[in-house]
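Here the protein sequences come in this chain order: A and B. Numbering-wise, this note's numbering puts 19 at position 19 of the first sequence, and it's gapless, one number per residue. Numbering-wise, this note's numbering puts 152 at position 152 of the second sequence, and it's gapless, one number per residue.
Treat each hint with caution, since some may be false.
Said to hold, decoys possible - Pairwise CB distance ranges (calculated):
1. A:87 <-> B:95: 33 to 39 Å
2. A:229 <-> B:177: 37 to 43 Å
3. B:233 <-> A:6: 41 to 47 Å
4. B:17 <-> A:11: 32 to 38 Å
5. A:21 <-> B:177: 28 to 34 Å
6. A:74 <-> B:214: 42 to 48 Å
7. A:21 <-> B:187: 43 to 49 Å
These are computed hints drawn from the structure, not numbers from a lab. Virtual Cβ for every residue (Gly too), placed ideally from N, Cα, C.
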Amino acid sequence: MEEILRVEDLTKSFGGIVALDGVDFSVKKGLMNILIGPNGSGKTTLVNCITGFYQQDRGRVWFDEKEITGLAPYKVYSLGLVRTFQLPQPFQKLTVLENLLTAYGENPGESFIRAPFKRSWLGHEEKATEMAFKVLELLDLDRLWNSPASQLSGGQMKLVEAGRAIMSGAKMILMDEPAAGINPKLAQEVFAHFREMKEKVGVTFLIIEHRLDLVLKYVDYAFAMARGEIVAEGNPEKVLGDPVVVESYLGG
Amino acid sequence: MGKTIKVDKVSAGYRKLHVLFDASCSMNDGEITVLVGPNGSGKSTLLKTIMGITDLYSGGVFYDGTKINGLPTHEITKLGIAYLPQVNSTFSNLTVRENLVMAGYVLGKEEADERVRKALEDFPVLKGYASRKAATLSGGERQMLAMAMALTRKPKVMLFDEPTASLSPKVALEVLGEIRALKEERGMTIVLAEQNARRALEMGDRAILLVGGKVAYEGSSKELLEHKELGRVYLGIGQG
Ligand SMILES: Nc1ncnc2c1ncn2[C@@H]1O[C@H](COP(=O)(O)OP(=O)(O)OP(=O)(O)O)[C@@H](O)[C@H]1O
Ligand SMILES: Nc1ncnc2c1ncn2[C@@H]1O[C@H](COP(=O)(O)OP(=O)(O)OP(=O)(O)O)[C@@H](O)[C@H]1O
Ligand SMILES: [Mg+2]
Ligand SMILES: [Mg+2]
Numbered sequence: 001m002e003e004i005l006r007v008e009d010l011t012k013s014f015g016g017i018v019a020l021d022g023v024d025f026s027v028k029k030g031l032m033n034i035l036i037g038p039n040g041s042g043k044t045t046l047v048n049c050i051t052g053f054y055q056q057d058r059g060r061v062w063f064d065e066k067e068i069t070g071l072a073p074y075k076v077y078s079l080g081l082v083r084t085f086q087l088p089q090p091f092q093k094l095t096v097l098e099n100l101l102t103a104y105g106e107n108p109g110e111s112f113i114r115a116p117f118k119r120s121w122l123g124h125e126e127k128a129t130e131m132a133f134k135v136l137e138l139l140d141l142d143r144l145w146n147s148p149a150s151q152l153s154g155g156q157m158k159l160v161e162a163g164r165a166i167m168s169g170a171k172m173i174l175m176d177e178p179a180a181g182i183n184p185k186l187a188q189e190v191f192a193h194f195r196e197m198k199e200k201v202g203v204t205f206l207i208i209e210h211r212l213d214l215v216l217k218y219v220d221y222a223f224a225m226a227r228g229e230i231v232a233e234g235n236p237e238k239v240l241g242d243p244v245v246v247e248s249y250l251g252g
Numbered sequence: 001m002g003k004t005i006k007v008d009k010v011s012a013g014y015r016k017l018h019v020l021f022d023a024s025c026s027m028n029d030g031e032i033t034v035l036v037g038p039n040g041s042g043k044s045t046l047l048k049t050i051m052g053i054t055d056l057y058s059g060g061v062f063y064d065g066t067k068i069n070g071l072p073t074h075e076i077t078k079l080g081i082a083y084l085p086q087v088n089s090t091f092s093n094l095t096v097r098e099n100l101v102m103a104g105y106v107l108g109k110e111e112a113d114e115r116v117r118k119a120l121e122d123f124p125v126l127k128g129y130a131s132r133k134a135a136t137l138s139g140g141e142r143q144m145l146a147m148a149m150a151l152t153r154k155p156k157v158m159l160f161d162e163p164t165a166s167l168s169p170k171v172a173l174e175v176l177g178e179i180r181a182l183k184e185e186r187g188m189t190i191v192l193a194e195q196n197a198r199r200a201l202e203m204g205d206r207a208i209l210l211v212g213g214k215v216a217y218e219g220s221s222k223e224l225l226e227h228k229e230l231g232r233v234y235l236g237i238g239q240g
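Model the full assembly from the supplied sequences, consistent with the hints where possible.
Structure, rendered in structure tokens:
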């Protein structure tokens, strides 16, 4: 299988704290990947460095056969690599619908997703608004389409964050704890939808998530971090059985 | 010892937006009451209403038999009710230690120092980071700080809004164990809003299910856990 993302020797310290310690890994195209690891193990820092939000001290990153090391966040986004935030960052003053539409407006990777995405997943609908309403329905936010994002509940803000990523038409989506604070029933519906995007359109996912009980059944491949390094990878069962992972992450 | 909170026919919300409709429920002395429901069903709004930070249109909130709605939030805090908000409640530009000192402002100096020391013991990760600004902590580390801050006030009643949301499975288990110990060892009254519904209901005494701002269930936690329909429809419990 072809790889879509490759990271070599990625290293990042904050003062005395080594958040990433020479991370090497690659992600295969079209898989649903999960990234786990203890609090403070470097997961968010890894996403920040890959997507240009932080400058690493050392190391290189390739996405879709291009080197993206050091590119600005909007550049990375426009190549079709989209991320979501652990603490949701919607445009507070825009409505829920507008938040989704702006993500569509900056649609990355023009050539790639548009056509097949619409035909397979949305039928014949043309307009972004129609797509947005489908996404809002999925996220159980349709009734709130006209509310400012600032007036949403904690979980609803997180859902808008996921909605923006779905709307972006990215080739690959990095998500930082999308299920945190989401009702378990809805979280599973959303993951089933990610799975469908993966299967029908070939979107690759790398998802940081602690709620393994909800999401594991949708996952193809797992990476585990500890103290700034990837300490295990492979099929999810194998990774979750790894003694280091059990000790540092899962607990007794 | 903890005290009972009684929510009586409360309608509340944000200015013109009604969120809670005629909601009545109680959180009993020395028990863990688990608050569950879909996103946007009003869980946080209920907790905020107890703390006096929403608009109450009708009904009342009582603590230990005394009406507390209408009191300013700091008065409610002084009565011994503490609240751990769902959204990040730490002060980004203060250090971990400063955040804790700030949280203990209602206590005397000596007691506050002692509480801060204890908080850093309880969360060893934070101890190493005492002089770092909160803004630089990872998501889970910040959640631990927020929890340590709430406990610094040594409350009689503790309202937790999604305390385990960004914690690793290991730390989430430890935190839930810690919450159970607050009840068992200190007799604290605890209200726990949790999307990790199964885990929370397993350790709860009583449960309240909110749906669309109304109380859809109030009763034993175990019973809700085993309730086929409510569990499946609203909580994703008991599906394959
Ligand atoms: N801006 C910063 N300044 C200083 N230290 C930082 C900064 N950002 C992160 N760190 C530290 O780097 C380490 C890795 O943090 P990171 O946010 O990547 O962890 P994480 O794996 O995402 O954890 P969590 O599961 O809690 O979100 C932590 O020890 C954190 O305190
Ligand atoms: N500050 C606010 N201003 C206006 N409306 C708000 C505000 N906070 C919440 N709401 C609205 O009130 C409703 C209930 O929100 P609340 O935060 O109580 O839900 P919740 O049950 O805690 O949800 P979650 O599980 O997502 O945290 C939502 O529809 C939300 O849009
Ligand atoms: Mg993180
Ligand atoms: Mg809430």
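Each hint, compared with the structure:
1. For residue 87 of chain A and residue 95 of chain B, the Cβ-Cβ distance of about 19 Å falls outside the hinted range of 33 to 39 Å, so the restraint is violated.
2. Between residue 229 of chain A and residue 177 of chain B the Cβ separation comes to about 28 Å, which falls outside the hinted range of 37 to 43 Å.
3. For the pair residue 233 of chain B and residue 6 of chain A, the supplied restraint of 41 to 47 Å holds, since their beta-carbon distance comes to about 44 Å.
4. For the pair residue 17 of chain B and residue 11 of chain A, the beta carbons lie near 48 Å from each other, so the given range of 32 to 38 Å is not met.
5. Checked against the hint of 28 to 34 Å, the pair residue 21 of chain A and residue 177 of chain B passes, with Cβ atoms roughly 31 Å apart.
6. A beta carbon spacing of about 44 Å between residue 74 of chain A and residue 214 of chain B agrees with the range 42 to 48 Å that was offered as a hint.
7. Distance hint for residue 21 of chain A and residue 187 of chain B: a CB-CB separation of about 45 Å, consistent with the stated range 43 to 49 Å.
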